[in-house]
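Each protein sequence line maps, in turn, to chains A and B.
FYI, the numbering for the first sequence is 257 to 369, going by the working numbering.
FYI, the numbering for the second sequence is 178 to 292, going by the working numbering.
Some hints here could point you the wrong way.
[Unchecked claim] Result set (DSSO-like, lysine-lysine): computed pairs, CA atoms no more than 27 Å apart in a straight line:
hint	chain 1	residue 1	chain 2	residue 2
1	B	LYS246	B	LYS226
2	A	LYS313	B	LYS226
3	A	LYS313	A	LYS298
4	A	LYS339	A	LYS313
5	B	LYS235	A	LYS298
6	B	LYS226	B	LYS254
7	B	LYS226	A	LYS298
8	A	LYS334	A	LYS313
9	A	LYS298	B	LYS199
10	A	LYS313	B	LYS235
11	A	LYS298	B	LYS254
12	B	LYS235	B	LYS199
Since the hints were made in silico from the structure, they are not lab data.
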Amino acid sequence: EPEVTQTPSHQVTQMGQEVILRCVPISNHLYFYWYRQILGQKVEFLVSFYNNEISEKSEIFDDQFSVERPDGSNFTLKIRSTKLEDSAMYFCASSSTQRETQYFGPGTRLLVL
Amino acid sequence: AQSVAQPEDQVNVAEGNPLTVKCTYSVSGNPYLFWYVQYPNRGLQFLLKYITGDNLVKGSYGFEAEFNKSQTSFHLKKPSALVSDSALYFCAVRDRKNYGQNFVFGPGTRLSVLP
Chain A
257 EPEVTQTPSH
267 QVTQMGQEVI
277 LRCVPISNHL
287 YFYWYRQILG
297 QKVEFLVSFY
307 NNEISEKSEI
317 FDDQFSVERP
327 DGSNFTLKIR
337 STKLEDSAMY
347 FCASSSTQRE
357 TQYFGPGTRL
367 LVL
Chain B
178 AQSVAQPEDQ
188 VNVAEGNPLT
198 VKCTYSVSGN
208 PYLFWYVQYP
218 NRGLQFLLKY
228 ITGDNLVKGS
238 YGFEAEFNKS
248 QTSFHLKKPS
258 ALVSDSALYF
268 CAVRDRKNYG
278 QNFVFGPGTR
288 LSVLP
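Excised from the complex, chain A in its bound form (with noise of 0.2 Å):
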């Protein structure tokens, strides 16, 4: 069964730097989802992206991330410059259609010290 992979599984990075999150959708899906679960807390939105073009962004998704689709498999999450309170949990998903269910990946754990 096709399914969403996301690397790295772990990251640690140091305040202030840059990171970039990878995912690779499932192949026939057209929309790409990047939500966050911060340690204890729910699953929230960030962006969705569409068409080669972001769709929709929740207020977390500030100017400190971008996402990408660099080629025809890769979907990336980039974090500018990476506060302590960006550590969490980052999950990608995918969709055939807007309607239809998202998938989502195991995640790439996040921790900025």
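Start from chain A and add chain B according to the hints.
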């Protein structure tokens, strides 16, 4: 604005007993409703969804959920719990009329099935 409530942080049931994990929602229009499960150190796995049609939805691993429009609820149920069902369960909603594509998740309910 959309919102989801899961009134119980923790649900404990004995193996073999029926289980219910509660979810209530608030949207301005008609909802799309979903249940996901999260095992330790794993991502979110899709269980089931309600889009339209029959209010009783059957999903993976023997789970089902009933959409109740008047009570704005979408409780997750299973007739006979397994120890392996122990996990964190999230209810999620999307508003059909909302142009956004994102889910709003509930805070999660930790299910513990005791042998």
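Which numbered hints fail: Those not satisfied come down to hint 10.
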